[in-house]
Each structure stands twice: as structure tokens, then as C-alpha cells.
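S.K.: These are the residues of each chain, in order.
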Amino acid sequence: MKTLEVSVVTPDGPVLEDNFEMVVCKAENGEIGILPQHIPLVTPLDIGEVRLKSGNDTKFVAVNGGFLEVRPDKVTILAQSAEKAEDIDVARAEQAKKRAEDRLQSKQDHIDFQRAELSLKRAMNRLRVAQR
Amino acid sequence: MNSLASLRDIKQRIDSTEKTKHITKAMEMVSASKMSKAEENARSFVPYSEKLQEVVAHIAAHSDATHPMLQKRDVKKTGYVIVTSDRGLAGAYNSNILRTFHQTVEKRHTSKDEYTIIAIGRIGYEFCKKRDLPVVKSILGLADQPNFADIKKLASETVQMYTDEEIDELVIFYNHYVSAISQVVTTKTLLPITDIEAGETGSVESQYEYEPSEETILKTLLPQYAESLIYGALLDGKASEHAARMTAMKNATDNAEELIDDLTLAYNRARQAGITQEITEIIGGVAALE
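Listed in order, the protein sequences are those of chains R and L.
Mapping to the numbering used here: the first sequence position 20 is 271, numbers consecutive.
Mapping to the numbering used here: the second sequence position 154 is 299, numbers consecutive.
Since the hints were derived computationally from the structure, they do not count as laboratory data.
Among these hints, one or two may not hold up.
To be verified - From the derived model, a few chain L residues whose C-beta atoms are all more than 12 Å from chain R: (1) Arg153; (2) Ser161; (3) Glu163; (4) Leu197; (5) His254; (6) Asp289; (7) Lys298; (8) Val330; (9) Glu354; (10) Leu404; (11) Asn413.
To be verified - Under the rule of at most 25 Å between Cα atoms (straight-line distance), these lysine-lysine pairs were calculated in the BS3-like manner: (12) L/Lys196 x R/Lys325; (13) R/Lys372 x L/Lys257; (14) R/Lys304 x L/Lys164; (15) L/Lys282 x R/Lys277; (16) L/Lys217 x L/Lys182; (17) L/Lys156 x L/Lys179; (18) L/Lys222 x L/Lys182; (19) R/Lys277 x L/Lys364; (20) L/Lys395 x L/Lys170; (21) L/Lys297 x R/Lys348; (22) L/Lys257 x R/Lys277; (23) R/Lys372 x L/Lys298; (24) R/Lys310 x L/Lys196; (25) R/Lys372 x L/Lys164; (26) L/Lys221 x L/Lys182; (27) L/Lys182 x R/Lys335; (28) L/Lys164 x L/Lys395; (29) L/Lys196 x L/Lys182; (30) R/Lys349 x L/Lys298; (31) L/Lys298 x R/Lys348; (32) R/Lys335 x L/Lys297; (33) R/Lys335 x L/Lys196; (34) L/Lys395 x L/Lys156; (35) L/Lys298 x R/Lys335; (36) R/Lys349 x L/Lys274; (37) R/Lys349 x R/Lys325.
Stated by the list, open to error - Looking from chain R toward chain L, a few residues come up when the C-beta cut is under 8 Å (computed): (38) Val275; (39) Gln288; (40) Gln331.
Keep in mind it's a predicted model, so treat the numbers as computed, not measured.
Backbone N, C-alpha and C define an ideal beta-carbon position, used for all residues, glycine too.
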């Protein structure tokens, strides 16, 4: 089985670098699956989970936006933050979720609302990935 | 009795200098370890920024897609980001930046309406406040090893100011870390993004598919890129800060050592003089008795 070299990179350093058979992530237009020998591609990612498959094993990474860059033998995910499922701080994500919900409840101006919505989305994504 | 009193004085000064030396020595060692950590942080940021730059350069070079961040416009207002430390005792680290910054502002602007300041670090913030310069945003008390999350808000708001045309140009001042003993004040224009080299684009995968379109990608990619540049400058600045503090503390330790040597010499001389004087007095006394 052919494999792809996958690296997930954030400003605080690489999160993951390994070989996998398939990468599935959530692009802005829907889910996208990458197999080896994919055509070179660049696409923005939504806040969501990235599934990395090799054999019967699947790894999950929570990605907060960013980019996917695909080359025939290499996939790079550039995100402002990303965590492997096992590295997620569930307590912190719960707190962030609660904070965001509180802020959404108390109706403030537009920008704050958007920001709260985004952080709620990130927190929920982390929690979902952590439960995998 | 005079010599005894001055002996005690010198002894006291030696002791207090010795104590100061212990403190500066400890601070030197702390800064050294912080510096190597900061250096490591800066290094782990490199793959991210390089990759990002590569993709941006690629799109900029291979497509007609444009974006306000890539285009120069008439500068009515300039935003300045100044990266300083929160604490002093770092030698010329802060004063170098602030001097360069102040000179630039004096030279380029005649009125305070023409620019606005984003201050990272307490020293820079207080410098501007004291001179009544316009600070719009500031972040104080950053950790010694900052995360991207710590400055994400500031960075994205700053980039947003450019997008909203509140500012037409964004310039950053920081100390670039060359080595442990050398840091250079660096001035960089972050926005509009102009200095993107195409890099080695002759490679096989020279043509990417862009999903959904180049414009959409630039719209999300460029702010992310600009934010990463601010973070990169901050990491560089932090490494420089620790290096500058380490050097300053090393100098202080060396000076203390020199002072202790001088004082010890003076102490021994005074002791010797005291003894000589006592002997002379005894001999004088004996001579008088005979």
C-alpha cells in the first residue's frame, strides 16, 4: 500500500509527522479525502477534525482552520493551532465552551458575537475529537 | 583607630559587592536557559512560516489573483508595531529599538494623526505614554516563552486594521537575534506584503489546483501569513531579549569581580599599613622607655 507523508504544522512547532494511507479533512466546501498521488492542491480548512488512516488504524487531529497543501507524496496542514486527540485538554475545552456559551447568551456587539461563535466551534471540535 | 574603621568599611563593601555578584550571576544563568528555550521556540516556528511563505509566494507568482494586502496604496496612516521587553536590566535592548523608532517617526511624520502604535511590552508602552504618542493596542506581561495563542488576538486585530483601511501600512520594529552576543534592530514593512520571493518554483508540482479559487484562498491565507510574521518577530525579539539580558548580567558580574579584586587589594594594603603603624608605635614606645 502506498503511503503519504503527512505533517501538521503550527506556529508553536510541528504537531505530527508520519506516514498514512489516507487523509480526510474538512475543507470549506465539505469533506475532502486525499490518497497518494493526488494532484497538487491548496485549500483552506474549516474548524474540524482531520482523520489519518493507515491500515485499520485511524488517528484524529483537531484542527482550527488553516490550510491544506497537497503534493503527490506529501500533505502539509498549516493551522494556527492543532492538537492530536490524546493531547487535548478536555477540562480546558469544556471551560472554553462554557465561556463562549455565556458570551453568546449576553448579546453584545457583532464582532464579539462572531468571536464567541468561533471559539465555541473550536471548543466543541476539540471535545468531539477528544472523545474519539 | 582610623585604619581599623576603614578596614571594616572596605570589608563591608566587599561583602555587599559579593552579594550583588551572586544575584547577577544567577540572573545570567536564568537568562541563558531562557535564551536557549526561546531559540528553540523560534526554530520550531520556522517550518510553519517557511511553508506559509512558499504557498503565498506560489500563488502570488503563478496567478492573476490579487488582494488588497498585496497592493500598495497611498499611505495616509501608518501602523507601527514595537516589540520591547516588560522588564529592564537588559542592557541596550530596549533603548536601541526605541531610539530607532523615535528617529523614524520624527523623520517621517509631522503630526500624530499620521501614525498609530501597537505596543508589545511594557517598556515600549510606557515610552509612548510618556511622550503622549498614540497607542491603540498594547499587550503587556507576555510570558517569557509566548505561545501563538497569547498574541493571536492582537495580531489578528492589527491585521484587521489594515483590512479596514484604518492604516495603510504596517511596520514592525524588533531586535533580530543574530547570536548570543549580537542582536540587531530590524525594521520591516509587514503590510502590504511586497518582499515575497518566488523561491524555487521550477519544481515538478509547479501548478496547484486551488479549491475553491485563488482569491478565496488569498483571503484566508494572507491574514494568516501576516499574523505569523508578527509572531515570528515576537519570537525573534524574545530570544534577543534573553540574550541581551544575559550579556548585561555577565558584564555586571565581571564588573563586580573586578571591583572585588580592587577592594581586596585596598583591604590588604590598609591592613598592612595598620600593622606597620602598630609596630612603629610599639618601637617608639620602647625607645621612649629606654
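S.K.: Next, verify each hint and record whether it holds.
M.R.: Comparing the hints with the structure gives:
Distance to chain R confirms L/Arg153 as a non-interface residue, since its nearest Cβ pair spans about 56 Å, more than 12 Å. Consistency note on L/Ser161: stated as away from chain R, and its beta-carbon is indeed over 12 Å from all of that chain's, at 43 Å minimum. The beta carbon of L/Glu163 sits about 42 Å from the closest Cβ of chain R, which is more than 12 Å, so the claim that it is off the interface holds. Non-interface status of L/Leu197 relative to chain R is broken: a Cβ of that chain comes within 12 Å, the nearest being about 6 Å off.
Distance check for L/His254 against chain R: the nearest CB is about 29 Å away, which clears 12 Å, and the non-interface claim stands. Residue placement check: L/Asp289 keeps its beta carbon more than 12 Å from all beta carbons of chain R (closest about 15 Å). With a least beta-carbon separation of about 9 Å from chain R, L/Lys298 fails to lie farther than 12 Å from that chain, contradicting its non-interface assignment. Against the 12 Å criterion, L/Val330 stays outside the reach of chain R, whose nearest CB is about 23 Å from its own CB.
With 12 Å as the threshold on Cβ separation, the claim that L/Glu354 sits away from chain R is violated: the shortest Cβ distance comes to roughly 5 Å. With 12 Å as the threshold on Cβ separation, the claim that L/Leu404 sits away from chain R holds: the shortest Cβ distance comes to roughly 43 Å. At roughly 55 Å, the least C-beta separation between L/Asn413 and chain R is larger than 12 Å, which holds for a residue marked as non-interface. Restraint check for L/Lys196 and R/Lys325: the C-alpha separation of about 13 Å stays at or below 25 Å, so the hint holds.
This hinted pair does not check out: R/Lys372 and L/Lys257 have alpha carbons roughly 40 Å apart, beyond 25 Å. Between R/Lys304 and L/Lys164 the CA atoms are separated by roughly 60 Å; this puts the pair beyond 25 Å, and the hint is violated. For the proposed pair L/Lys282 and R/Lys277, the alpha carbon gap of about 34 Å is over 25 Å, so the pair is violated. Our distance criterion of 25 Å between C-alpha atoms is broken by L/Lys217 and L/Lys182, whose separation comes to about 38 Å.
As the CA atoms of L/Lys156 and L/Lys179 are separated by approximately 35 Å, the hinted pair breaks the 25 Å bound. Proposed proximity of L/Lys222 and L/Lys182 is contradicted: the alpha carbons are some 37 Å apart, above 25 Å. Taking the CA atoms of R/Lys277 and L/Lys364, the gap is near 18 Å; set against the 25 Å cutoff, the hint holds. At roughly 7 Å between alpha-carbon atoms, L/Lys395 and L/Lys170 fall within 25 Å of each other, so this suggested pair holds.
Of the supplied pair hints, the one linking L/Lys297 and R/Lys348 holds, its CA atoms being roughly 18 Å apart against a limit of 25 Å. Distance check on the hinted pair: L/Lys257 and R/Lys277 sit about 46 Å apart at the alpha-carbon level, beyond 25 Å; violated. The suggested pairing of R/Lys372 with L/Lys298 holds, with an alpha-carbon distance near 17 Å, which does not exceed 25 Å. For the given pair, R/Lys310 sits about 23 Å from L/Lys196 by alpha-carbon distance, which is consistent with the 25 Å threshold.
Between the alpha carbons of R/Lys372 and L/Lys164 the distance comes to roughly 54 Å, so the proposed pair goes past 25 Å and is violated. For the hint linking L/Lys221 to L/Lys182, the alpha-carbon distance of about 40 Å lies beyond 25 Å, and the restraint is violated. Distance hint between L/Lys182 and R/Lys335 is fulfilled; the C-alpha atoms sit about 23 Å from each other, no more than 25 Å. Distance restraint check for L/Lys164 and L/Lys395: the Cα-Cα separation of roughly 15 Å lies within the 25 Å cut-off, and the hinted pair is therefore satisfied.
For the hint pairing L/Lys196 with L/Lys182, the CA-to-CA distance comes to about 23 Å; that is within 25 Å, so the pair holds. As the CA atoms of R/Lys349 and L/Lys298 are separated by approximately 19 Å, the hinted pair is consistent with the 25 Å bound. Using a Cα cut-off of 25 Å, the hinted pair L/Lys298 and R/Lys348 holds, with the two alpha carbons roughly 18 Å apart. The hinted pair formed by R/Lys335 and L/Lys297 meets the criterion: a straight-line CA distance of about 21 Å does not exceed 25 Å.
Distance restraint check for R/Lys335 and L/Lys196: the Cα-Cα separation of roughly 21 Å lies within the 25 Å cut-off, and the hinted pair is therefore satisfied. Note on L/Lys395 and L/Lys156: the hinted pairing holds, with a Cα-Cα distance of about 24 Å set against a maximum of 25 Å. Restraint check: the Cα-Cα separation between L/Lys298 and R/Lys335 comes to about 23 Å, which is no more than 25 Å; the hinted pair holds. For the hint pairing R/Lys349 with L/Lys274, the CA-to-CA distance comes to about 37 Å; that exceeds 25 Å, so the pair is violated.
Between the alpha carbons of R/Lys349 and R/Lys325 the distance comes to roughly 38 Å, so the proposed pair goes past 25 Å and is violated. Using the Cβ-Cβ criterion of 8 Å, the hint placing R/Val275 at the interface with chain L is not satisfied: the shortest such distance is roughly 15 Å. Nearest Cβ of chain L to the Cβ of R/Gln288: about 12 Å, over the 8 Å cut. The hint is violated. The closest approach between the C-beta of R/Gln331 and any C-beta of chain L is roughly 6 Å, which is under the 8 Å cut-off, so the hint is satisfied.
Taken one by one, the earlier hints fail for this structure at numbers 4, 7, 9, 13, 14, 15, 16, 17, 18, 22, 25, 26, 36, 37, 38 and 39, listed in ascending order.
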